[in-house]
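All chains should be built: construct the whole structure from the sequences, respecting the hints.
So the protein lines, in turn, are chains A and B.
Mapping the first sequence onto the numbering used here, position 63 (from 1) lands on 63, and the numbers just tick up by one.
Mapping the second sequence onto the numbering used here, position 4 (from 1) lands on 4, and the numbers just tick up by one.
Keep in mind that the hints are not guaranteed to be accurate.
Said to hold, decoys possible - Taking lysine to any residue pairs in the SDA-like style, the calculated list, with each CA pair at most 20 Å apart, reads: (1) B/K264 - A/E28; (2) A/K145 - B/Y246; (3) B/K22 - B/N98; (4) A/K57 - B/G353; (5) A/K38 - B/F350; (6) B/K359 - A/P62; (7) A/K277 - A/V288.
Keep in mind the hints are simulated off the structure, nothing from the lab.
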Amino acid sequence: MMSLNRKMDLELLEKLCLAHGVSGYEDEVADLIIDTIKDNCDTVMKDGVGNVIAFKKGKKTPKEPIMLCAHMDEVGFSVKHINDDGTLDFLEVGMSPTVLPSKRVLVGKNRIPGVISSRPVHLSPDKTHAVKQADLVIDIGAKDKAQAESLGVFGDYAAFDSDFTLLGDGLVKAKALDDRIGCAVMCMLSGCELENDVYFAFTVGEELGGTGATAATNRIKPGICLVLEGTTASDLYGYEEKDKVCKVRHGAVCPFMDGGTFYDNGLYKTILDLADKNSIKVQTKTKVAGGTDGARIQRCGKGTKVVALSLPCRYIHTSSSVASVEDMESILCLSKLFIGSI
Amino acid sequence: MQELKNFLKDLVYTPTVSGYEKMSADNIIDMCSTFSGGIFTESYITNTGSVVMVKKCGKENAKKLCFDAHIDTIGFAVSEVCGDGYLRLLPLGGIDSNILPSSEVLILGKKRIRGIFSSIPPHLSRSDKLPEAGELLVDTGLTDENLREIVSVGTPAMLYPHFKELLENRISSVSLDDKICVAAAVLAVKNIGESLENTDIYCYFSSGEERGGNGSHHIYEEISPDALIVLDVNFAKEKGSMEGEYGLLSEGAMMSFSSQTSIKFTRFILECAKDEKIQLVNEMTWTGTNADVSARVGLGIPTAVVSIPIKYMHSSVETADMNDVISCANILTKTAASYDKNPVCLPVYFKGGANDELK
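Encoded structure:
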């Protein structure tokens, strides 16, 4: 695959992962993306609900318009109530409560540092019982309710405070790899010479079942859509092969079906053939689970042919997702080849 | 105030059971027109029973600001005409069976007849188990022959309407969800009057909200608003409510933060109405209103939710404060005035333009 000589731009991915874009609050990520792609594309716009949509002219115009889609939003929190002691009750989107206790967060645009509480083990009545989200608070160190209120944190979002770092051999650890990897690949593609005209849709609210995908698709009216995503890898030591869903270091994931989408059979095969011909690692998901913006995109207008390339991520929807750089490059190469194959 | 109360009373007495809105859509239009002093320039009923009322500013291609309040209410439909003058009713929308035994209903057949949900006398019942709504029979007191003349399977019914004035401008009634917001929207349009130059105001009194938002799915095709304020009722603190969970009655209208709605538009409204008493709530994921649909239709509608706190939601004694209705209308009036000068959340082109590849 290195014959294509496409290296992942990890600096760009780092910037994207460190930006905050909790569902409903994607503006910071959107601005960064607009800055990155503005000079590469012919049209760049932001619609009324916050999607960033761009058009880039290629060498030719395909019969069916091609749309690439990645979501800008990430899992996170928002402040629901300020308690008398200055701690913050919060709501979450997209997470299991078990990954929350004793994590660091940053609250709002001003990035006020905070921590999610953790009950001392000595005081836990039942040590086997999983924690409930409602029992946790975000502590920003405020001395009382008035001080927390004066910072205007009510209703504001909070994102994980987690750095971007290389891990082990060729892996990366960061928050929000789902789906800044898709955003990063689309930003990089916008900088390449492409065989065909391409529309890019950077969507809002995917973690809530695709808030922005319909609006973006209705504007673009694509015939074909390639969704770039992060997906669950359960390839943990000791797990049975059948339960792993997909595996880190085994290449881009091209699902044939998931919880919300029937991916187009023909395009699925196109991807597998491209991978085979160009010796790029690809795998499919061994469980019909999870979902992408594809579910919405597929149902728009007269219906859209959808295919996806996903990055296998361990510990997805937590502060510390882990994925492989080589898998990212598989996605990048396959996306570029896919655009050329239409 | 009394005029507003009377208007609201007329609205709640008008049956618009979810799925059966068309039955009274014309009456709703008449009431709203009359109360507003004939300010609306256009009104019509959609295929699925929503009511659209428009106040045009007179300019071509004006921006469209839309207020959505759902016109449908919880209610029932007859599922079986049983013997001895009894009916079985199917609840439409979330109804707690706790409120039903011995409650009165108005059955909207060829004639309007009363019915009473049966209850078993305490002397005979040892069970504290809650009956399901479908198990309860409704007694109409009619002979079978007469009953079948008036009612058939599918006939709608509503909780028997009443409207009581409590202390301190508080009121209690059926169907405040969401007629109270219809009243607030019409009051706002009345206040706005002829003051806008660049903005048409659309009132979308939507059907089917209690059954999954039937009307909200067509709002883009019907109106394609540039911005939308969804008006609905929200929970007010009652006995047993947790602190910080809900709003308070009489403390002003509420505004929701949610990932389904536009944070930019929400903050815009807060800024426009900063002199009003507003209670903030955070609903993070779903708002449980038509706003959960509106970003997902057409080219996407930037949406915010303004709500009126009520107690005892989905019961026959929903309770609210008329001052909160006025507060809600004031928020809408001020927002419309600012939006007219400085519309927000419109599509922005950073490169290229609307005439290029992306319209």
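Here is what the structure says about each hint:
1. A distance of roughly 13 Å separates the Cα atoms of B/K264 and A/E28; the hinted pair therefore holds under the 20 Å criterion.
2. Between A/K145 and B/Y246, the direct Cα distance comes to roughly 17 Å. Compliance with the 20 Å bound is thereby established for this hinted pair.
3. At roughly 29 Å between alpha-carbon atoms, B/K22 and B/N98 are farther apart than 20 Å, so this suggested pair is violated.
4. Our distance criterion of 20 Å between C-alpha atoms is met by A/K57 and B/G353, whose separation comes to about 15 Å.
5. For a cut-off of 20 Å, the pair hint linking A/K38 to B/F350 stands: about 7 Å separates their Cα positions.
6. Simply put, B/K359 and A/P62 have alpha-carbon atoms about 19 Å apart, close enough for the 20 Å limit, and the pair holds.
7. With a C-alpha separation of about 27 Å, the suggested pairing of A/K277 with A/V288 is violated against the 20 Å cut-off.
Figure legend: structure checked against the earlier numbered hints; hints not met, in rising order: 3, 7.
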